[in-house]
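J.: As they're listed, the protein sequences go chains H and Y.
The opening position of the first sequence corresponds to residue 1 in this note's numbering, with each subsequent residue numbered one higher.
The opening position of the second sequence corresponds to residue 1 in this note's numbering, with each subsequent residue numbered one higher.
Simulated from the structure, these hints should not be mistaken for laboratory data.
For glycine and all other residues, C-beta sits at the position ideal for the given N, C-alpha and C.
Be aware that one or more of the hints could be misleading.
[What the hints assert, rightly or not] Below, a sample of chain Y positions facing chain H; criterion: calculated Cβ distance under 7 Å:
#1 215
#2 240
#3 244
#4 260
#5 261
#6 267
#7 269
#8 404
#9 432
#10 434
#11 438
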Amino acid sequence: MNANTVPACRAADYRSEVKPIWCPGCGDYHVLMAFTRAFVALGVRPEQVAVVSGIGCSSRIPAYTNCYGFHGVHGRALAVATGLKIVRPDLTVVVASGDGDGYSIGGNHFLHACRRNVDLTYVVMDNHIYGMTKGQPSPTTEPDFDTALTPGGTGLRPFHPLVIALASGANFVARAFSGNPAETAAIIVEAIRHPGFSFVEVLSPCVTYRPDQRAWKDRVHRAPVDATDDAARAARRVMTDDGFNLGVLYRGSRPAYAPRHDTAVTDSAELEREFEL
Amino acid sequence: MAAASSISVAFVGSGGAGVLTSGRLLLEAACAAGWHGLFTRCVGPQIRGGEAAALVRVAIDPIECHGDRFDLLVGVDWLNAHRFETEIPLGPGSVVISDPQAGDPPAIVAASGARVIELRLKELTTANPAWRGNMIALGAAVKLLRLDQDELADLIEKRFREKGPAVVAASLAAAHAGIAAVANDELDLELARPRATAARRWLITGNEAVGLGAIRGGIRFAAAYPITPASEVLEWLAPNLTRVGGSLVQAEDELASINMIIGGSYGGAPSLTATSGPGLSLMIEALGLATAAEVPIVIVNVMRGGPSTGIPTKSEQADLNIAVYGVHGDAPHIVVAPQSIPDCLLATQWAVHLAESLQAPAILLSDQFLGQALAAIPRPADVSFIGQRQKATTVVAPYRRYALTADGVSPMAMPGLSGGQYTAESLTHTERGLPSTSASDHHAQLDKRRDKLERFAYGDLWATIEGQGTLAIMVWGSLTGAAREAVAQLASAGHAVRLIAPRLLSPARPQEMAAALDGVQRLLVVEQSHGAQFYRYLRAHYSLPDNTSVLHHPGPLPIRPGEICRELLAGLTR
Numbered sequence: 001m002n003a004n005t006v007p008a009c010r011a012a013d014y015r016s017e018v019k020p021i022w023c024p025g026c027g028d029y030h031v032l033m034a035f036t037r038a039f040v041a042l043g044v045r046p047e048q049v050a051v052v053s054g055i056g057c058s059s060r061i062p063a064y065t066n067c068y069g070f071h072g073v074h075g076r077a078l079a080v081a082t083g084l085k086i087v088r089p090d091l092t093v094v095v096a097s098g099d100g101d102g103y104s105i106g107g108n109h110f111l112h113a114c115r116r117n118v119d120l121t122y123v124v125m126d127n128h129i130y131g132m133t134k135g136q137p138s139p140t141t142e143p144d145f146d147t148a149l150t151p152g153g154t155g156l157r158p159f160h161p162l163v164i165a166l167a168s169g170a171n172f173v174a175r176a177f178s179g180n181p182a183e184t185a186a187i188i189v190e191a192i193r194h195p196g197f198s199f200v201e202v203l204s205p206c207v208t209y210r211p212d213q214r215a216w217k218d219r220v221h222r223a224p225v226d227a228t229d230d231a232a233r234a235a236r237r238v239m240t241d242d243g244f245n246l247g248v249l250y251r252g253s254r255p256a257y258a259p260r261h262d263t264a265v266t267d268s269a270e271l272e273r274e275f276e277l
Numbered sequence: 001m002a003a004a005s006s007i008s009v010a011f012v013g014s015g016g017a018g019v020l021t022s023g024r025l026l027l028e029a030a031c032a033a034g035w036h037g038l039f040t041r042c043v044g045p046q047i048r049g050g051e052a053a054a055l056v057r058v059a060i061d062p063i064e065c066h067g068d069r070f071d072l073l074v075g076v077d078w079l080n081a082h083r084f085e086t087e088i089p090l091g092p093g094s095v096v097i098s099d100p101q102a103g104d105p106p107a108i109v110a111a112s113g114a115r116v117i118e119l120r121l122k123e124l125t126t127a128n129p130a131w132r133g134n135m136i137a138l139g140a141a142v143k144l145l146r147l148d149q150d151e152l153a154d155l156i157e158k159r160f161r162e163k164g165p166a167v168v169a170a171s172l173a174a175a176h177a178g179i180a181a182v183a184n185d186e187l188d189l190e191l192a193r194p195r196a197t198a199a200r201r202w203l204i205t206g207n208e209a210v211g212l213g214a215i216r217g218g219i220r221f222a223a224a225y226p227i228t229p230a231s232e233v234l235e236w237l238a239p240n241l242t243r244v245g246g247s248l249v250q251a252e253d254e255l256a257s258i259n260m261i262i263g264g265s266y267g268g269a270p271s272l273t274a275t276s277g278p279g280l281s282l283m284i285e286a287l288g289l290a291t292a293a294e295v296p297i298v299i300v301n302v303m304r305g306g307p308s309t310g311i312p313t314k315s316e317q318a319d320l321n322i323a324v325y326g327v328h329g330d331a332p333h334i335v336v337a338p339q340s341i342p343d344c345l346l347a348t349q350w351a352v353h354l355a356e357s358l359q360a361p362a363i364l365l366s367d368q369f370l371g372q373a374l375a376a377i378p379r380p381a382d383v384s385f386i387g388q389r390q391k392a393t394t395v396v397a398p399y400r401r402y403a404l405t406a407d408g409v410s411p412m413a414m415p416g417l418s419g420g421q422y423t424a425e426s427l428t429h430t431e432r433g434l435p436s437t438s439a440s441d442h443h444a445q446l447d448k449r450r451d452k453l454e455r456f457a458y459g460d461l462w463a464t465i466e467g468q469g470t471l472a473i474m475v476w477g478s479l480t481g482a483a484r485e486a487v488a489q490l491a492s493a494g495h496a497v498r499l500i501a502p503r504l505l506s507p508a509r510p511q512e513m514a515a516a517l518d519g520v521q522r523l524l525v526v527e528q529s530h531g532a533q534f535y536r537y538l539r540a541h542y543s544l545p546d547n548t549s550v551l552h553h554p555g556p557l558p559i560r561p562g563e564i565c566r567e568l569l570a571g572l573t574r
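Isolated chain H, as found in the complex:
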């Protein structure tokens, strides 16, 4: 069987037999569904996709797919994915993260992944809470949200990932809601197709530690205006919107990172010339 006759895959072909550890009703089930639907729409074979993650509820996604997966350590998924994509530009590399993994412990890599603009798609499932460690505040948690670790709330202003992505040079910025898997899948498809670093923030409720987020489904709405190619305008919009504005918000045109390759030398013995006395 050659590549031309490989039958098209169905969404189920991208799922593994592993049963998710997520709580019933978790938004991440729908993100997983959106991933598989996006891969179907792209027509990319499971073995040509790598799903890379760190640690947290969201980061369990790789093992639930039938793609190549990498479940690394906390906060470093973007670094792993960067090395992989530079070495294997032929692969579709999708990075899955959450608001703790991606914005707190992995915050520095987020800035530099945006700036470096490697052709990756970064999907962050944001539920404003650490779920796997049972309910501590993340960088996007509201300041007055009471937790055992921060009685009375953190008192800290939440982090604004979309503005940071825009300021740092992300080439594609979108917001999605896990409760709309078809729309989320469509956004992920566009994010993967867009060259360079694409950032998709997915509002994905935690029904266990943030039951209040069940109300998100009534608050989300489609962005009233089309995406812009002006990062400053996009940043102004996301800073002043209500946080539930969905859709593609910014499409940039920076060329994706490409390592310089120069195959001038066929024999590594030539490299030693500079040392000869």
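Fit chain Y to the supplied structure of chain H, relying on the hints for placement.
T.: The following block gives chain Y in isolation, referenced to the frame of chain H:
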């Protein structure tokens, strides 16, 4: 006048005075004429200002360390010389060149009994403003070592050509003034003529040799963050990796650099990073990831003084503990230490081979001394091994990435292989790579990762073992050269001494070490660490003779051959 097989020269001055240029040109002039030699720098952390010393040893044979004392010390100025005085030992036979207008030499010079030759550098540079003191000092040293003056002129011309004919002319004139100024002076020793040889030689630093060894071993991807004294590895690799179709990316920090190379290696490219102590500390979590997920990587750690920021510009052997033990959980991995500048090439190539063969991380423990020393060496012999990773080519469903095999190594599927999909897993996992919290999976995978390292045939490269006898010196890394020179000194005094230097520090090789130590009655362990880390490591893993002692002190002071000899013999009468 006695003919010496080596002569040691130090140039000292304020940072920016150009003493490092003097040192390098002196070594190049000697090497061009057929001698061997070594040039190291001894500097503070300042970019300009502060202190600098260039330490040069010229010899008729390849050398791997500085000697017991310096025969010639040239003070371009003495402003900060007190910071080096313990690093530049002198004796009654030493000669010191000093400018009477630059103040008195440090008290230690007078105390050593060295003979002082006056050289009026300041007067010369005031009368000729285009001249620089370091070139005058270089000329004087070339004359006193009786090196070829035409060769020196060629090197000066080559070195300063880009700066224009005026700079070349002034540098030549200054060097000649230095030669003239000591026209009637002599050292107490005369350097023996170089041996005639047609062997090809290289002039190379340890950090460059590591870079070359990496590419020869098959490394095609590197990610790294700048750090002293490892940056030269990266700066050599950056252009040269692209010449062989690979690439290097500068990461935002060491957490990123190690995770990037784990990603690159997962994708199929043999991958490496280089760092020093603070960076290695940051990489430790991901070192455990590479161990658990069985992703081959190579980490070059060029040791400097620690802990914390320590002494970035100076050498120490105090990262042994973190390299061998510094991972949470039981995480067996490979630790290899190069023993000389040529061995930086061999050991790196071997480390790549081991990492790839065993699908495990390998740490190469070099140090500032090896990394930043420039030496003339015979061209190292080519070695055949390159990284050979066992890859899955066909897959029987379901693919078991972490299958339990006889040798512990499981064929690794590369992304793109249909049916080979798996998740590289940091959690305890099953043979399939699925997360597990069961005791049986945990034990099975811990056993697998231990056994694959212990069952591997490492061959003779695991250690350097030289000589026979009931006396032995045990050493590792860059001190191997000093120990070898001590063995030679002891041999000429009638003592047969064995040299044992493990190149493979982890996993331990108890059977091989027992054979290496067979018949030894007196053992001296030598290392450059405050806490005697190597001695404690040896005690933990090996049976040592009853009469074992340890000579250890922290960096930046080197341990010299004479000190090793005295300590070994002192232990015989204790």
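J.: Now tell me, hint by hint, if it's right for this structure.
T.: Consistency of the hints with the structure:
| no. | hint | result |
| --- | --- | --- |
| 1 | 215 | holds (5 Å) |
| 2 | 240 | holds (5 Å) |
| 3 | 244 | holds (6 Å) |
| 4 | 260 | holds (4 Å) |
| 5 | 261 | holds (6 Å) |
| 6 | 267 | holds (4 Å) |
| 7 | 269 | holds (4 Å) |
| 8 | 404 | violated (20 Å) |
| 9 | 432 | violated (9 Å) |
| 10 | 434 | holds (6 Å) |
| 11 | 438 | violated (15 Å) |
In this structure, the hints that do not hold are numbers 8, 9 and 11, in rising order.
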